[in-house]
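Chain by chain, the residues run as shown.
There are 2 protein chains.
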Amino acid sequence: MDVNILACALFAVLIMSLVSLIYGIYKTRWIFRQPVENEKLLRISGYVSNGAMTFLGREYRVLIPFVLMVAVFLALANRGQLGFQALTFTLGAACSALAGFIGMKVATASNARTTSAAEKGLAPALLLSFTGGSVMGLSVVGLALLGLFAVLSAVIIIFTGRQTQAMTDIGLPLLTGFSMGASSIALFTRVGGGIYTKAADIGADLVGKLEANIPEDDPRNPATIADNVGDNVGDVAGMGADLFESYVGTIVGCIILGQTAIVSPEIRTELVALPLLLSALGVVGSIIGIRLVGRGSGISPQASLNRGSYTAALIAALGAYPLFWYILGDHRVGQAGFNQIYLSFIVGLVAGVGIGMLTEYFTGMNRGPVNAIVKACETGPATTIITGIGIGMRSSFLTILIISAVLMLSYLMAGLYGLGISALGMLCTLGIQLAVDAYGPIADNAGGLAEMAELPPEVRSVTDRLDAVGNTTAAIGKGFAIGSAALTAVILFVAFKEQAGIESIDLTDPTVLVGLFLGAAIPYLFSSMAMGAIGRAAFAMIQEVRRQFREKPGILSGKDAPDYNRCIDISTSSALTEMVAPGLVAALAPIAVGFLGGTRMLMGLLAGTTVSGVILSIFMANSGGAWDNAKKSIEEGASEGKGSASHKASIVGDTVGDPFKDTAGPSLNILIKMMAIISLVIAPLLKSYWN
Amino acid sequence: MDVNILACALFAVLIMSLVSLIYGIYKTRWIFRQPVENEKLLRISGYVSNGAMTFLGREYRVLIPFVLMVAVFLALANRGQLGFQALTFTLGAACSALAGFIGMKVATASNARTTSAAEKGLAPALLLSFTGGSVMGLSVVGLALLGLFAVLSAVIIIFTGRQTQAMTDIGLPLLTGFSMGASSIALFTRVGGGIYTKAADIGADLVGKLEANIPEDDPRNPATIADNVGDNVGDVAGMGADLFESYVGTIVGCIILGQTAIVSPEIRTELVALPLLLSALGVVGSIIGIRLVGRGSGISPQASLNRGSYTAALIAALGAYPLFWYILGDHRVGQAGFNQIYLSFIVGLVAGVGIGMLTEYFTGMNRGPVNAIVKACETGPATTIITGIGIGMRSSFLTILIISAVLMLSYLMAGLYGLGISALGMLCTLGIQLAVDAYGPIADNAGGLAEMAELPPEVRSVTDRLDAVGNTTAAIGKGFAIGSAALTAVILFVAFKEQAGIESIDLTDPTVLVGLFLGAAIPYLFSSMAMGAIGRAAFAMIQEVRRQFREKPGILSGKDAPDYNRCIDISTSSALTEMVAPGLVAALAPIAVGFLGGTRMLMGLLAGTTVSGVILSIFMANSGGAWDNAKKSIEEGASEGKGSASHKASIVGDTVGDPFKDTAGPSLNILIKMMAIISLVIAPLLKSYWN
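The listed protein sequences derive, respectively, from chains A and L. Here the first sequence is numbered in the working numbering, starting from 3 and rising by one per residue. Here the second sequence is numbered in the working numbering, starting from 3 and rising by one per residue.
A portion of the hints provided could be inaccurate.
All copies of an identical chain are treated as equivalent in the list; a pair is satisfied when it fits inside any one copy or across any two copies.
To be verified - List of simulated lysine to any residue pairs, SDA-like, C-alpha gap at most 25 Å: (1) Lys377 / Arg538; (2) Lys650 / Glu380; (3) Lys377 / Pro267; (4) Lys650 / Phe541; (5) Lys650 / Glu268; (6) Lys377 / Thr579; (7) Lys644 / Asp508; (8) Lys211 / Ile301; (9) Lys644 / Glu268; (10) Lys650 / Arg538; (11) Lys650 / Asn215; (12) Lys634 / Asp565; (13) Lys561 / Asn52; (14) Lys211 / Gly336; (15) Lys211 / Met71; (16) Lys554 / Ala542; (17) Lys211 / Phe13; (18) Lys561 / Ile159; (19) Lys211 / Thr262; (20) Lys650 / Ile593; (21) Lys554 / Ile17; (22) Lys377 / Lys650; (23) Lys644 / Ala73; (24) Lys42 / Leu89.
For the record, the hints were derived by calculation from the structure and aren't laboratory data.
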């Protein structure tokens, strides 16, 4: 049965990855067939689409040399067949970059079409924007699985025929190479995207709204196109790359944990097959779920999205049981039988939903926390900030309780392997989760385009309804991204220990403690760098917008056209310049500590960065989300309403929250995973260096 | 030599503690002999002094039943001679409380006298305010050493005659009981004091300054007395209790580490004597240093304070060498000879200064970071907040680098014992460091009194010069408090492992990781509770001040006297009510995790809380300090000056920073030490519970 099951699993992965991609292409063609008749709309959406492609093009021009350099380094540093790690690394980077490219391309094509569809009503607009998002989900999952299929098949066929032991010696390093490739792209896309979007946003708001007194998304504002491009760069490409990394990292981590678990030798191969089959099952669930969204009339957008997600989760939960039973049979992984391992899977699945609900509570409108901020706005910006920080901190504590419960329960049920499986439970229906997530910025953009193309207010009111749902899904998506990043990091961390050949790491060893201190401090350094970068980039943007208004007074009266491209250029080049320094911190910290301080200090470093980074990230994301919705509540009439002193205080909160929730917070997800995966890649080198 | 050296050490400790206390009494009598002729000044300072005593009285009325309850629990939970832990716990609480009482009593007596002295010039005012602060330093050190002397003598004489082994079995638990007693008082004084001072401060500022447009410290403001009382409660009693705990915790931790280190049996007793002698030496240095401050003419207050501190440090550094040589001789502790152990001592001493300098750089006026905030104030409150947070985060990373260097260097030189000794190096001259620290609030109060008593502006300008220096010393003191708390927590943590009989804690054990996650999240929960408490307390204060202004319009015109006592009462009762919940978190978290999750999870918890708490604490303290001085810079004419839009933005920053730097940040010091010491106390119980 040994190799047959692996062949089956690989086949299933191949099929489901192709199904995903083909279904994505089908959806894409459908989107491009949808008409956009309004010419102004078409022209403006063309600006956004071009701006997005310009950014990606220039980003890839920076990234390709970087990827090649790392690949050369990997080829030189590794001996023999391990040198192929350079290839898998490049493949991982290419798959992640391609997924980002497709997602952005389709998202920027869907926005104007969503606006057009909104003229016909809510249901068609929902269908269009969600379809746009689902292409992102399908291509991330499809390309991740296709890449993994290629790496694993190559390992089995070319290098080792049918010897199982080769999986540990060569397969795992090549898989981690693939994962690291994905990570590199994720880091730069998340950080760069976060800087891009906030520079444009702050620049557009501060000069346009506050100084020139023109509304948001007004076409007279030179930074408004950059602002809309930014939504796509940050929330579509950035989020996609982030979760691509989590998805790949978790599958790879699961395979590694399976190979190092205590099992009877005859099921070693089964434990490679299992995560692959679970992922394939998740794709089935996701596609069925995606097909359900937007069908049927008379239900709200939120209910429709929920129906899709829950269906996918249910399919995964029900389908996994026979899978575990068939593959594991009476065998045990450590102490655990298939029932316990299955339960770990369910724990992860449920926790993903739980984190989302908690995030929704802390950042949702008309809930206690956001209302508390609204009330604090009445006593000024200082109390607004203090209250928001307090709420973010409380929410981060509670989210950690959920993450701790997942770790503890899955470990108690099925040992270290249970950890891996629970993370997979959280991530296996990524296809639809990402679709729901990417739908938000498309709806948001559609609203912006309606404004800029000066369409009738009914259109805007349809897109606003979609956008409001999008805010909730974005918050839930962020919580989910952080939760899964935490689990992925823990799994990679445990896998690192196995790969580095370390028996036990004593927490009371001061070398480890020093690593822990340094590791816990790195997210603070990284966040301060990211926020400093936004400050500089936003400053440049503010200067440019002011300059255009000053030099061409005709812009404000509508006579002259603003120069959108200069603003896009500033956001793009700021993002690309500023992403380097925090990127280097993430990449070099584990290498420096590993070679100077040793593997023990490195383990401490990883643990410290993981726990401190996860908490800081949740705190920042949720404070930011709550401030954002407090502002929206006031704009919709809560407290003293739009234009009042409390509205001004809420704008301060929102502006502080922007870099929190859209740059520093989400970038920390990548930081913790990236540091773990780099450690995993250098583990064999460290092992020989220190022995 | 065995027992003789211990007897000598105890004798030295007794002598130096008595010298401290007697010198403190001598200083106190000198202060009370100084005249205050202005009657109004005398009356107002009487309000402050009474308010402070009211708070302490009511605080102790809450604390005494609490201390007794814990004591009864300790008496019941421990068997046999260990039941005496209840007594040492009570003694520790009593010593810490008494030190706080003396410090406050003298500080509130010194403020009016400093104001009077300021009429004669800068030098007499400096001498008076510093003398007031030095009583705090002397009584903390004197009472801590006296208490330790009592506990150790009792152990040796009553229980065990001259058997050395008893030190480990009975002596150490009794010592940790003493330390925990100090901790309990510290927790409540720091948290309660922090809430008290900020409720009064925010209430006085928001209604008085912003709504009624009267200057700071105006006697017409009903909350102004409470505000001045708050400075004493938070910065004198709170800071004193905090460092009392660090001092005792470090000495006790050092003794424990000495008993568990690998040494030849004949020097076990020497390793009990060593920390005692080093502490006694530190007192000698402190007293000489204290005598130098304020003497000699023609040097600035800052230089005069520095001369005292540096002299004390130099005496400790020079005197320690022969001490190490004489006591350790050719013996080794682990691998380390006396030279290496001495170097650990020096590393700690130097690092204490280094952290202070770093803090001064990040929070001092006319330095890069504060100037960056001043510049950010010009673009509004949001950028002010973002910049300040970025600066706080960066400074916390750098401070962690220093702490990590201390840990690593002292460990490499002299193993775990080196850690203990380096912490002692940082803390042994606590007497003068605390004196410098407590001088700040006295000078600040003196300025407030000058304002309230409507003395001529020359007086205020003298106290302002002292106050400006006080801001710097306060920032340095906070950095020092956090740094020493970090080291103390690490030492207690390592000591806990020894006491709980744990061989090794595997960091990759998910149970430990879960502890780490939970531990890292606790400081966030604790901070959010502390900040929420301030919000509620300040709200009550705002309502009260508004009510008084509304119901007695004569207050503002100076016809009616405001009701200061109501405001003092609100601050007092808010502080006492609100300190309970965060206090319970600190006290119950280790107990719950220890008994439900096991010692491994508890170790993870302690490590997580320590690293995350230290970083968060530094971040909050330094952001707050930098915002405060950015506001002061603008008030002194930087940027657009007082009353401008950038001044308003700076006030927002300062108001956000207040709970950061005066409540949440410093309270985290206590949290991490408290959790470690409670764990240490329950270690024997856990050991028998889990075996």
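Structure-based check of each hint:
{"no.": "1", "hint": "Lys377 / Arg538", "result": "between (32 Å within a copy, 13 Å between copies)"}
{"no.": "2", "hint": "Lys650 / Glu380", "result": "both (10 Å within a copy, 16 Å between copies)"}
{"no.": "3", "hint": "Lys377 / Pro267", "result": "neither (62 Å within a copy, 66 Å between copies)"}
{"no.": "4", "hint": "Lys650 / Phe541", "result": "both (21 Å within a copy, 21 Å between copies)"}
{"no.": "5", "hint": "Lys650 / Glu268", "result": "neither (66 Å within a copy, 72 Å between copies)"}
{"no.": "6", "hint": "Lys377 / Thr579", "result": "between (40 Å within a copy, 23 Å between copies)"}
{"no.": "7", "hint": "Lys644 / Asp508", "result": "neither (57 Å within a copy, 55 Å between copies)"}
{"no.": "8", "hint": "Lys211 / Ile301", "result": "neither (36 Å within a copy, 54 Å between copies)"}
{"no.": "9", "hint": "Lys644 / Glu268", "result": "neither (68 Å within a copy, 78 Å between copies)"}
{"no.": "10", "hint": "Lys650 / Arg538", "result": "both (23 Å within a copy, 23 Å between copies)"}
{"no.": "11", "hint": "Lys650 / Asn215", "result": "both (14 Å within a copy, 22 Å between copies)"}
{"no.": "12", "hint": "Lys634 / Asp565", "result": "neither (30 Å within a copy, 41 Å between copies)"}
{"no.": "13", "hint": "Lys561 / Asn52", "result": "within (24 Å within a copy, 71 Å between copies)"}
{"no.": "14", "hint": "Lys211 / Gly336", "result": "neither (61 Å within a copy, 67 Å between copies)"}
{"no.": "15", "hint": "Lys211 / Met71", "result": "neither (44 Å within a copy, 60 Å between copies)"}
{"no.": "16", "hint": "Lys554 / Ala542", "result": "within (18 Å within a copy, 53 Å between copies)"}
{"no.": "17", "hint": "Lys211 / Phe13", "result": "neither (55 Å within a copy, 73 Å between copies)"}
{"no.": "18", "hint": "Lys561 / Ile159", "result": "neither (66 Å within a copy, 96 Å between copies)"}
{"no.": "19", "hint": "Lys211 / Thr262", "result": "neither (58 Å within a copy, 66 Å between copies)"}
{"no.": "20", "hint": "Lys650 / Ile593", "result": "neither (46 Å within a copy, 45 Å between copies)"}
{"no.": "21", "hint": "Lys554 / Ile17", "result": "neither (57 Å within a copy, 82 Å between copies)"}
{"no.": "22", "hint": "Lys377 / Lys650", "result": "both (13 Å within a copy, 21 Å between copies)"}
{"no.": "23", "hint": "Lys644 / Ala73", "result": "neither (54 Å within a copy, 57 Å between copies)"}
{"no.": "24", "hint": "Lys42 / Leu89", "result": "neither (46 Å within a copy, 83 Å between copies)"}
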